[in-house]
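Produce the complete structure using the sequences and hints provided.
Note that the protein sequences, when read in sequence, are chains A and B.
Residue numbers are given in this note's numbering: position 343 of the first sequence equals residue 343, and the series is strictly consecutive.
Residue numbers are given in this note's numbering: position 119 of the second sequence equals residue 622, and the series is strictly consecutive.
Everything labelled a hint here was simulated from the structure, so no lab data went into it.
Wrong hints could be hidden among the right ones.
Claimed, not checked - If you only want the chain A side, here are some residues facing chain B, beta carbon under 8 Å, derived:
#, residue
1, His288
2, Arg462
3, Leu467
4, Val491
Note that CB positions come from ideal geometry on N, CA and C, so glycine has one too.
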Amino acid sequence: MIDLLGFAPAAVELTGTHYVLLGLILFTGLFAAWNIGANDVANAMGTSVGSGALTLKRAVIVAAVFEFSGAVIVGSNVAETVRKKMFDPEKLTDFYGVDAPMVLACGMIASLLAAGTWLMIATWKSWPVSTTHSIVGAVVGFGCVALGVELVDWSKVGLITAGWVVSPLLSGAIAYAVFTVILKSIFYKRDPVRAARQQAPYIVFLVLVVLCGVTAYKGLSPLWDKYDLDPFEPKAVLLTIGVASALGLVGFFATKWILSKNKPIVSGSKDQMLHADVSRSLGKAMMHLKRVRANTDGKLNDESMQVLGQLEAMHKAAVEQTGYGTDSDELKQVEKIFVYLQILTACFVAFAHGSNDVANAIGPLSAGWQALQTNTVSLKAGVPLWALAIGGVGIVTGLATWGWRVIKTVGEQITELTPSRGFCAEFAAAITILLASVLPFGLPVSTTHTLVGAVLGVGFARGIGALNLKTMRNIFASWAITIPAGALLSVVYFYILKICVGI
Amino acid sequence: MLSRASLRTGMKAEVPGTEGRTAVSTIGKLFGRSPFNLLQRHMDQVARCVAKMGEALDAFEQQKFDDLPGFAREVSRMEHEADQIRDDIRNHLLRRFFMPVDRSQVLRILSQQDSLADTAEDVCVLLTMKSIRVPEDLKESFGKFRSLSAKCVDLAASIIDELDELVETGFGGAEAEKIRSLAHQVAFAEHEVDVVEHEFVRGIYARDTELSPGEFHLWMRLTHTLSQLSNTAENLADSITMVLDMK
Chain A
1 MIDLLGFAPA AVELTGTHYV LLGLILFTGL FAAWNIGAND VANAMGTSVG SGALTLKRAV
61 IVAAVFEFSG AVIVGSNVAE TVRKKMFDPE KLTDFYGVDA PMVLACGMIA SLLAAGTWLM
121 IATWKSWPVS TTHSIVGAVV GFGCVALGVE LVDWSKVGLI TAGWVVSPLL SGAIAYAVFT
181 VILKSIFYKR DPVRAARQQA PYIVFLVLVV LCGVTAYKGL SPLWDKYDLD PFEPKAVLLT
241 IGVASALGLV GFFATKWILS KNKPIVSGSK DQMLHADVSR SLGKAMMHLK RVRANTDGKL
301 NDESMQVLGQ LEAMHKAAVE QTGYGTDSDE LKQVEKIFVY LQILTACFVA FAHGSNDVAN
361 AIGPLSAGWQ ALQTNTVSLK AGVPLWALAI GGVGIVTGLA TWGWRVIKTV GEQITELTPS
421 RGFCAEFAAA ITILLASVLP FGLPVSTTHT LVGAVLGVGF ARGIGALNLK TMRNIFASWA
481 ITIPAGALLS VVYFYILKIC VGI
Chain B
504 MLSRASLRTG MKAEVPGTEG RTAVSTIGKL FGRSPFNLLQ RHMDQVARCV AKMGEALDAF
564 EQQKFDDLPG FAREVSRMEH EADQIRDDIR NHLLRRFFMP VDRSQVLRIL SQQDSLADTA
624 EDVCVLLTMK SIRVPEDLKE SFGKFRSLSA KCVDLAASII DELDELVETG FGGAEAEKIR
684 SLAHQVAFAE HEVDVVEHEF VRGIYARDTE LSPGEFHLWM RLTHTLSQLS NTAENLADSI
744 TMVLDMK
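Rendered as structure tokens:
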């Protein structure tokens with residue numbers, strides 16, 4: 001399927017117009033990939049920078065490595081000509097006859113340009129929008145004007161649109177649950193450092209299992225298609241579960257081993273620590289005895305005076321021995337453990353993102369390229385390796401030229417986020433992506449949407465100092481207009497191209 | 504505590520100003536500025552006011568009456584600075600912010616902190632009204648009264664100082680227990696203040712014929728105002744226990 005030099009030899013003589021369009025396709029594909037790198041990746045990595053888990057430089061390197069490897073190694077080798085099968089491109093032949101491939105190419109150029117433009121506006125305005133929605137909107141716009149409104153599969157469009165309502169809600173709920181569990185099992189404990197060290201292997205196990213699932217069903221999903229395998233076959237499911245739990249167990253024991261090698265910095269011995277209630281009860285007893293002393297005289301007064309003296313000494317000793325283990329230094333030790341977990345999650349999310357979202361740019365690119373080269377219109381288009389490389393290079397370039405600035409601003413503004421919060425948000429996003437990919441009806445989710453929802457979920461679990469709900473409204477609004485905006489831009493570009501090419 | 508206080512005061516007062524920057528991230532803007540650091544900054548300033556009031560009371564006990572107006576001016580200035588921090592918080596505590604603690608509770612904590620500074624200022628001003636001497640045999644109980652009142656405020660300040668840990672641990676668990684036990688200590692200290700205050704007032708009443716009406720009245724007002732300090736500190740501690748997640 002993969003032909004390094006391109007596709008099968010051209011079936012028709014390529015004219016000057018063809019060459020111009022081929023150049024335009026390459027350029028717009030790169031442009032779209034560049035914008036994906038600038039907008040989407042930044043939102044995924046910003047939380048890691050904001051929580052201090054990664055420095056800006058490291059975040060950019062991690063994102064570049066994982067996005068690129070995701071895009072090039074497992075990026076889809078077979079792309080649907082029209083992302084998410086919004087309409088049947090073969091119908092174009094009924095409308096345009098021999099011009100159909102040219103129309104499709106123009107439509108793909110218009111879609112790529114529209115998605116790229118919209119993403120650029122969004123990045124400039126710093127709206128965290130979904131790249132998938134931009135391209136879907138653009139393709140729908142093209143479909144509407146090229147084929148007519150009735151031939152677009154609106155139920156598919158509706159499902160994708162529903163994704164931006166359902167996925168933040170889902171990831172918000174998951175983030176709420178995850179954060180509550182972490183609060184109860186670590187931060188509520190008398191000695192959070194010890195609790196964190198006890199829980200860490202289990203968390204690592206869970207994280208690795210979930211992330212393996214994400215990788216198998218989302219990150220590597222193009223590979224399943226490539227080898228014509230069904231990931232939901234019992235064998236495949238068992239294999240995935242087996243590999244995931246094996247990796248999880250490796251992580252479990254590795255964490256145990258690492259933790260046993262690094263003893264925590266203990267301030268004073270924790271063994272004789274008293275429960276906080278002890279000193280409080282003693283304090284209460286003192287208060288009551290003082291009241292007794294104030295309201296009595298004679299023998300009772302003298303006796304209460306004596307007992308009070310003893311009580312005071314006991315109370316003082318108890319207060320000194322009461323340990324809470326919740327000083328900021330100890331909490332910092334807990335957060336240190338979460339730093340590694342957050343970095344791990346961020347890597348997997350970047351990988352899954354790269355492998356899936358690169359198709360947003362190179363899917364239409366390959367479709368248009370194939371249409372022009374072979375002069376046919378088909379449902380699927382092979383994606384040559386150079387197209388994947390263009391996508392990967394585009395994403396990394398976008399990250400390097402604009403994305404790092406976005407990551408920097410995002411990171412600088414969310415310093416209130418600690419690694420434990422950041423981990424919860426990213427882990428919840430990863431779980432949501434996994435759930436969405438294994439669900440039978442294939443709910444389309446966007447990394448951006450799930451991440452924003454997860455941040456809100458952590459906030460509702462009393463995890464974040466202050467969340468600006470007005471900004472939330474703006475974010476939702478930008479999500480809502482992404483599909484119409486992509487469609488509108490695409491229509492405009494398509495008409496301009498149509499006039500220029502003369503079809 | 505001091506280094507932390509200076510750290511907090513060194514914090515740049517931005518957020519609304521970020522709109523002027525070229526690249527403002529919407530995701531970044533989603534995170535408002537946490538009100539808890541600001542509350543701590545305000546409490547640090549309030550604690551400084553109360554400490555200055557302590558110096559003024561030292562001078563008062565040593566009958567250095569000429570120094571008192573200077574102290575009163577200084578405490579007034581510090582109280583004004585605290586007010587500026589308070590206004591800053593009120594302006595930042597936008598209605599659209601979603602916080603782990605109800606907005607009205609944050610505002611109540613803030614106003615209680617604020618009234619501590621006001622009380623300290625009132626005490627210093629009262630000291631300048633008329634040069635009165637502490638009766639020799641009441642010196643001890645007056646000293647106990649004022650130092651216990653200051654202790655109450657210090658304890659309340661130590662609770663506020665734990666706020667960032669409280670946010671970190673999600674307002675529950677061991678940290679919440681710790682806060683609650685601190686609040687009990689404040690309540691206990693307040694009770695102690697009441698006891699010595701009554702003792703001292705009894706002493707003043709015992710010499711109502713020796714004191715001039717003006718002196719007597721000033722003593723009454725002074726003790727009453729000073730006792731406000733521990734009462735407010737106790738209320739402040741109570742307000743904080745209200746936001747805890749208790750089983």
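For this session: Against the structure, test the hints numbered earlier, and report the numbers of the ones violated in rising order.
Result: Numbers 1, 4 - these are the hints that the structure violates, sorted from lowest upward.
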